[in-house]
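K.L.:
These are the residues of each chain, in order.
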Amino acid sequence: MSRRRDRRPVIVETRGLSMHFGGVRAVDQVDFTLYDNELRCLIGPNGAGKSTFFKCLTGQLVPTAGEIKIRGDETTGSEPHEVAGLGVGIKTQVPNVFDGLSVEENIWLSARRWHGARRASSLTTETVERLRLGDIRRDIVGRLAHGQRQWVELGMVVAAEPWLVLLDEPAAGMTHEETARTAELIREINERAAIIVVEHDMQFIRMISQQVTLFHEGRILMEDTMEAISADKRAREVYLGSQA
Amino acid sequence: MNSSSTLRTMRPVLIFALIGVIFMFTAPYVLQLFTIINLTTAIALAVLALSLALVWGYGGILCFGQVAFFGLGAYAYTISAINFGGSTWAILVAILVASAFAALLGYFMFFGRVSDVYLGVITLTVTLIFFSLIRRTSGPEYKIGNALLGGFNGITSPPLNLPWNTGSFLFPEQVFYVAMAALILCYVFCGWLVTTHFGRVCVGIRENELRAELLGYDSRLYKLGIFTIAAGIAAIGGVLFCNGVGRITPDVFNLYNAALTIIWVIVGGRGTLIGPIAATFGLFYLTSALGGQTIFNNNLVLGIILIFFVLIVPKGIAPTIIDWYEARRKPKKRGRRRGSRRRMREGADA
Ligand SMILES: Nc1ncnc2c1ncn2[C@@H]1O[C@H](COP(=O)(O)OP(=O)(O)OP(=O)(O)O)[C@@H](O)[C@H]1O
Ligand SMILES: [Mg+2]
Numbered sequence: 001m002s003r004r005r006d007r008r009p010v011i012v013e014t015r016g017l018s019m020h021f022g023g024v025r026a027v028d029q030v031d032f033t034l035y036d037n038e039l040r041c042l043i044g045p046n047g048a049g050k051s052t053f054f055k056c057l058t059g060q061l062v063p064t065a066g067e068i069k070i071r072g073d074e075t076t077g078s079e080p081h082e083v084a085g086l087g088v089g090i091k092t093q094v095p096n097v098f099d100g101l102s103v104e105e106n107i108w109l110s111a112r113r114w115h116g117a118r119r120a121s122s123l124t125t126e127t128v129e130r131l132r133l134g135d136i137r138r139d140i141v142g143r144l145a146h147g148q149r150q151w152v153e154l155g156m157v158v159a160a161e162p163w164l165v166l167l168d169e170p171a172a173g174m175t176h177e178e179t180a181r182t183a184e185l186i187r188e189i190n191e192r193a194a195i196i197v198v199e200h201d202m203q204f205i206r207m208i209s210q211q212v213t214l215f216h217e218g219r220i221l222m223e224d225t226m227e228a229i230s231a232d233k234r235a236r237e238v239y240l241g242s243q244a
Numbered sequence: 001m002n003s004s005s006t007l008r009t010m011r012p013v014l015i016f017a018l019i020g021v022i023f024m025f026t027a028p029y030v031l032q033l034f035t036i037i038n039l040t041t042a043i044a045l046a047v048l049a050l051s052l053a054l055v056w057g058y059g060g061i062l063c064f065g066q067v068a069f070f071g072l073g074a075y076a077y078t079i080s081a082i083n084f085g086g087s088t089w090a091i092l093v094a095i096l097v098a099s100a101f102a103a104l105l106g107y108f109m110f111f112g113r114v115s116d117v118y119l120g121v122i123t124l125t126v127t128l129i130f131f132s133l134i135r136r137t138s139g140p141e142y143k144i145g146n147a148l149l150g151g152f153n154g155i156t157s158p159p160l161n162l163p164w165n166t167g168s169f170l171f172p173e174q175v176f177y178v179a180m181a182a183l184i185l186c187y188v189f190c191g192w193l194v195t196t197h198f199g200r201v202c203v204g205i206r207e208n209e210l211r212a213e214l215l216g217y218d219s220r221l222y223k224l225g226i227f228t229i230a231a232g233i234a235a236i237g238g239v240l241f242c243n244g245v246g247r248i249t250p251d252v253f254n255l256y257n258a259a260l261t262i263i264w265v266i267v268g269g270r271g272t273l274i275g276p277i278a279a280t281f282g283l284f285y286l287t288s289a290l291g292g293q294t295i296f297n298n299n300l301v302l303g304i305i306l307i308f309f310v311l312i313v314p315k316g317i318a319p320t321i322i323d324w325y326e327a328r329r330k331p332k333k334r335g336r337r338r339g340s341r342r343r344m345r346e347g348a349d350a
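So the protein sequences, as listed, match chains U and V. First residue of the first sequence: 1, per my numbering; consecutive thereafter. First residue of the second sequence: 1, per my numbering; consecutive thereafter.
No lab work stands behind these hints: they were computed from the structure. Incorrect hints may appear among the rest.
Each pair of labels, with its calculated beta carbon distance range [unchecked claim]: (1) U:T175 - V:A327: 27 to 37 Å; (2) V:I312 - U:E191: 46 to 56 Å; (3) U:V94 - V:L162: 52 to 62 Å.
Far from chain V, some chain U residues (derived; all Cβ distances over 10 Å) [unchecked claim]: (4) S18; (5) D36; (6) R112; (7) M222.
We put the CB at the ideal spot given by N, CA and C, even for glycine.
Using the sequences plus the hints, can you model the full thing?
P.N.:
What follows is the structure in structure tokens.
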């Protein structure tokens, strides 16, 4: 299996990536590789360093050590807009949306970053339909329920038509049905983009997972299929025991 | 956004502009000359308020020293009009000097990622530095070309002249026309700007800077852009101001004026353009009326108004009226579609 993967182009690569906050080694010496078309899940207990790893990839944090390459471009220490400007779609763990603006305006601002006025409008309409936000498209995002805000953020990611998508807990706070739809959407996005998803919801991960990376105390503990990780004794001890 | 929908979102702006045009052509026939001259000063201040409404209300940048660009514009106009012997190019110089200064200051603030609070502090400090520096320029050695800076006495500003004839100065009514036209043009320009891609990104950055960055927008550039544009507009206000008053003194840079600009926008409402303009006229006339009596202290009244607005009408006049209007309209449409029918803020107002 690994030999087949190795021939695919590398999309994200980190070497010795570390992020320390004082004495806290939130991310410690992480070597990570994501291949083209891959859909990778990151799991791990609270405080394992998943979000911190994400923030390093997206330029929200400048790593203490190590390097990051995205499709060959060195992005260590880049600004978030530079990373996004490569064509990377990002959803953060705490929803980041334009609270005072309408659903449509949120998505339009994403589409318009990449397209002219006309295409941006039609892409906004398409995205609103695709994410079934039609009923609330003129509503102010700040007044929506948590799950809906998550969808708006996903809509912004989709509307940018990225080739790499980074999602930090996209299904958090969603109902069972919403979670299933999110999983479906993620598989759709995966037809055109490589994806990294951080998630706690085991059922959700089983719905979408291919390869799973297990974080523990800032390091990668295991990298394998969900079945293999579920069967592993060490993995069960640090994480799955409490969850599944 | 295509042109027809631009027109639709700009409809309130164009309606207010039309009201302004009607006022512009009727006022000189109805009002006394003294009132017209006073109005010119109020219009100049309204342009200043408009510039802060743009940079703070839409750009989310609390510039505590917007009056610095206003004063800089007035000084640059006066000094270059004296040296050029004509006003036309001097207006351009005023706008360029203020914008260039804002671009330089903004570059260090935005690219240095100065936090919002420090941004307010820095802009206010810069204003006060101008105040104390220019106050000290009384001696004959402080001159730029033919223009003596005049210290705390200030400089007499040459009046506007016709572009094709530097010898024919404008009468006060004509200056009023120019001022009103400038205010209307600046208002329509700002109203248009906030419907453009650039303007909408600025509003996005105001709402959530990180999200804008994560969409691939370099927020620093957009902030620098709107900051620079707003400084240019403030400078236009400065040019009108020194024409209305007839001179410019360093007092323009004092703390009172810096605070007053903020008050206009708070009272008028952030996130609208017409609100702060209206508030400027209202407060200008209130303070002139109060100036004629001695029972109430002027500053005390202003302070009470400010506290009233911050506590009771925190959004300011215009957004409160818009909310009220939308709330009244809503019940009629509720049956058709569920959810709140409020339109996006910047689309619904003027
Ligand atoms: N800005 C910061 N300053 C100091 N410590 C931090 C900071 N951000 C994260 N940490 C610490 O780094 C560790 C990793 O946090 P991180 O948010 O990456 O975990 P996570 O795996 O995303 O957890 P969760 O599943 O709860 O989201 C935690 O111990 C956290 O307290
Ligand atoms: Mg996290």
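K.L.:
Evaluate each hint against the coordinates.
P.N.:
Hint check results:
1. Restraint check, T175 of chain U to A327 of chain V: a C-beta distance of roughly 30 Å satisfies the suggested window 27 to 37 Å.
2. Distance hint check for I312 of chain V and E191 of chain U: the Cβ-Cβ separation is about 55 Å, which falls inside the suggested range of 46 to 56 Å.
3. For the pair V94 of chain U and L162 of chain V, the supplied restraint of 52 to 62 Å holds, since their beta-carbon distance comes to about 60 Å.
4. With a minimum CB-CB distance of about 23 Å to chain V, S18 of chain U clears the 10 Å threshold, and the non-interface call stands.
5. No Cβ of chain V approaches the Cβ of D36 of chain U within 10 Å, the least distance being about 21 Å, so the stated non-interface status holds.
6. Listed as outside the interface, R112 of chain U is inconsistent with that label: its C-beta sits roughly 6 Å from the nearest C-beta of chain V, within the 10 Å cut-off.
7. Consistency note on M222 of chain U: stated as away from chain V, and its beta-carbon is indeed over 10 Å from all of that chain's, at 29 Å minimum.
Violated hints amount to a single one, hint 6; each of the other numbered hints is respected by the structure.
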